[in-house]
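Trainee: If you're matching positions, the first sequence starts at 1 in the working numbering and goes up one per residue.
Hints were generated in silico from the structure; no laboratory data involved.
Some hints here could point you the wrong way.
As the list claims (entries may be wrong) - Computed cross-link-like contacts, SDA-like style, restricted to lysine to any residue with a CA-CA straight-line distance of at most 20 Å:
id	residue 1	residue 2
1	Lys-233	Gln-130
2	Lys-194	Ile-67
3	Lys-154	Gln-172
4	Lys-450	Gln-395
5	Lys-451	Glu-394
6	Lys-286	Glu-634
7	Lys-573	Val-543
8	Lys-616	Asp-633
9	Lys-154	Phe-181
10	Lys-616	Phe-583
11	Lys-573	Ile-550
12	Lys-6	Gly-21
13	Lys-48	Ser-24
14	Lys-36	Val-23
15	Lys-112	Glu-213
16	Lys-573	Gly-600
17	Lys-573	Glu-563
18	Lys-200	Gln-130
19	Lys-297	Tyr-283
20	Lys-6	Asp-61
21	Lys-317	Val-332
22	Lys-15	Asp-35
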Amino acid sequence: MVQSEKICIKLPNGKEIVLTGSVSPDGILQEHFPDKKNTCIAAVLNEKPIDLSREISESGDLRFMDIQQPEALDIFWHSSSHVMAQAVKNLYPDAQLGIGPSISRGFYYDFKLDTPITPDDLPRIEAAMQKIIDENQVFERQVLNRSDSIDVFKSRNEPFKVELIQEIEDEQVTVYQNNGFMDLCRGPHVPSTKFIRYFKLTSVAGSYWHGDERNAVMQRIYGISFPDKKQLKNHLLQIEEAKKRDHRKIGKELDLFSFHQEGPGFPFWHAHGMILYNNVQRYLQKTLEIHGYQEIKTPLILNEALWHQSGHWDNYKENMYFTSIDEQPFAVKPMNCPGGLLVFRNNLHSYKDFPIKMSEMGLVHRHEKSGVLHGLFRVRMFTQDDAHVFCTPEQIETEVIQIIDLIDEVYSTFGFNDYEVELSTKPLKSIGSDEMWQRAEAALENALIKKQMKYQLNPGDGAFYGPKIDYHIRDSLDRLWQCGTIQLDFSMPERFSLEYVGPDNSKHRPVMIHRAILGSVERFIGILIEHYAGDFPLWLAPVQCAVLPISEKHESFASTVLELLRSQGIRCKVDNRNEKIGFKIRDAETHRINYMCIIGDREVEEQSVSLRQRKKGNLGTFDTEALIKRFMDELDRRANH
RNA sequence: GCUGGCGUAGCUCAAUUGGCAGAGCAGCUGAUUUGUAAUCAGCAGGUUGUAGGUUCAAUUCCUAUCGCCAGCUCCA
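Using the sequences provided together with the hints, build the complete structure.
Mentor: Shown next as structure tokens:
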């Protein structure tokens, strides 16, 4: 490239240099920061990432991307996917390349290939990758014009790449090449393959070209790589930990719930699971009572006409189940609001009664495609901790603030102190006047601002009937789960002609706020199981205490202790099996029982127990009074540990 | 829904190229009477998801079906 003007570059250390001739970031790195030569993988010129080997053709700020910087991982993973694709092409010359991006955690590449790739093939591909890495092949960038590049990829039998180029509007495209492997790619890449130090291919799966099931079926290989061995190890450990915490696995181990062929997507709650379910529900009901809610319950099956009126027929029919009663069409409710509206409309309401906060633990059924069902996280039947707040437009902001506080209170009870909030505004398809939307969005936004909440704006992502605030809670493994939601609704009051009598003695239309805190009780319990890894806090635990007599002769006092604890509402059991104490302790520990009361000669003598806490070990001797006090105190605080 | 994988005892998993379905844990019985994460021995446990088919013979091969698991644009 001919340089018409001199190029001035400002370096990260503040130094300014003038380039003469053809200079790449590589050269500058060698000259000015020789110690970083081995750890830099790319440069950033005027906030645009470029290859280290790329000739600098414009003036501006230049900095270097160290391999340890998070932003470098993106490039790192992208290069890793190239190496993987190259390895696959070496092993399967017939494979046609799809796309191979870096993703939030790792990378993948899609291939069209007639021979199926199974997990057993991954070590072979990994070995082929290692060979490429050991050869330290240099990634070479090349600029081609469109038609040439199309010819190139046609001749290489890469129809998908040709299709991609045809979708590109630019006259020039870039390709990267190393040792005969070529890929259409925007770049940048790490300088050479040796930078991909530690990697692992994690899974194979099917996918579709452009994600559309009408298109060609592709095989996708997922992988992860890191510059540091420890990072890779930690990542793999985290995957292991997540597997250990899988609520489906723990649910089976602790006998919490089950699923059956006879009811796909419909959870069966077992006795232990019901304790979780009931405790979560009771806690919530009590809390709502304190916050001025009144609880209602509406029928599971309602006449289809209601669903026409509510708009669900038009917008939600695909997800609903239908039946008939006395030859009349009925539907199983997928949401609770229409039923709640009938309750509201059953009485005449004065503005003096507002806000009216009606809550419902509503069992809803929603048809989900069979392929998306997933334990308690994605089911076809669940209980929503639903509520509808009816108020005047002026009351919206205050009510939303109260809900924000309530949600925070509930989440922190379960140890979720970290959550993310999104505000979604008017979508293209919507009902209601612009003025109404503006007022509603402002009310939600003001509430968030007043509470000094950080939130992400999702323009155009609101429901068709109103804007909303969504909550995502972060669990102990740093994963996000959508749970709570606060939605303003102008549509339902309209459709159902809701009214209240105002101070002017005439009728007005109320505003309705839908809100859920847990979202789905079932899903929330799934999240709790994984969050606590099955080690539930005392107030939730299915079995809180195991009474363990050392031998047969201690059974009598053990029963006395059991009865005493039971009389105080402690969920406990006695283990009278003919086993050694070590066995009984192990059994109680593996069943995640919070406390063990060990009873031998000494304890019978002193009328006390030797208390042991799950995962913590021996706590020493407690007389029965101190024991109960300890339990009650922990229960009162709903202590999280 | 689509693609691929899987379905064996209550649970976790075995079973050469098709050749008598097996182990550990849990359960039951007996011995042992135990002091802070597994005492020993014995017994029992199955229409191999379901329905067809191929075969002298099917857990194994084929077809259908049900369910489970993973994935199904985070775009060169």
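Trainee: Against this structure, judge whether each hint is valid.
Mentor: Going through the hints against the structure:
1. Our distance criterion of 20 Å between C-alpha atoms is met by Lys-233 and Gln-130, whose separation comes to about 17 Å.
2. For the hint pairing Lys-194 with Ile-67, the CA-to-CA distance comes to about 13 Å; that is within 20 Å, so the pair holds.
3. Between the alpha carbons of Lys-154 and Gln-172 the distance comes to roughly 17 Å, so the proposed pair stays at or under 20 Å and holds.
4. Note on Lys-450 and Gln-395: the hinted pairing holds, with a Cα-Cα distance of about 15 Å set against a maximum of 20 Å.
5. Distance restraint check for Lys-451 and Glu-394: the Cα-Cα separation of roughly 18 Å lies within the 20 Å cut-off, and the hinted pair is therefore satisfied.
6. As the CA atoms of Lys-286 and Glu-634 are separated by approximately 18 Å, the hinted pair is consistent with the 20 Å bound.
7. For a cut-off of 20 Å, the pair hint linking Lys-573 to Val-543 stands: about 8 Å separates their Cα positions.
8. Proposed proximity of Lys-616 and Asp-633 is supported: the alpha carbons are some 18 Å apart, at most 20 Å.
9. Proposed proximity of Lys-154 and Phe-181 is supported: the alpha carbons are some 14 Å apart, at most 20 Å.
10. Our distance criterion of 20 Å between C-alpha atoms is met by Lys-616 and Phe-583, whose separation comes to about 17 Å.
11. Using a Cα cut-off of 20 Å, the hinted pair Lys-573 and Ile-550 holds, with the two alpha carbons roughly 15 Å apart.
12. Among the hinted pairs, Lys-6 with Gly-21 is consistent with the structure: their alpha-carbon atoms are about 9 Å apart, no more than 20 Å.
13. Simply put, Lys-48 and Ser-24 have alpha-carbon atoms about 14 Å apart, close enough for the 20 Å limit, and the pair holds.
14. For a cut-off of 20 Å, the pair hint linking Lys-36 to Val-23 stands: about 18 Å separates their Cα positions.
15. At most 20 Å may separate the alpha-carbon atoms for a hinted pair to count; Lys-112 and Glu-213 meet this at roughly 14 Å.
16. Proposed proximity of Lys-573 and Gly-600 is supported: the alpha carbons are some 17 Å apart, at most 20 Å.
17. Taking the CA atoms of Lys-573 and Glu-563, the gap is about 10 Å. The hint holds against a cut of 20 Å.
18. At roughly 10 Å between alpha-carbon atoms, Lys-200 and Gln-130 fall within 20 Å of each other, so this suggested pair holds.
19. The straight-line distance between the Cα atoms of Lys-297 and Tyr-283 is roughly 17 Å, inside the 20 Å bound, and the hint therefore holds.
20. At roughly 15 Å between alpha-carbon atoms, Lys-6 and Asp-61 fall within 20 Å of each other, so this suggested pair holds.
21. Between Lys-317 and Val-332, the direct Cα distance comes to roughly 11 Å. Compliance with the 20 Å bound is thereby established for this hinted pair.
22. Between the alpha carbons of Lys-15 and Asp-35 the distance comes to roughly 17 Å, so the proposed pair stays at or under 20 Å and holds.
Of the numbered hints stated above, none is contradicted by the structure.
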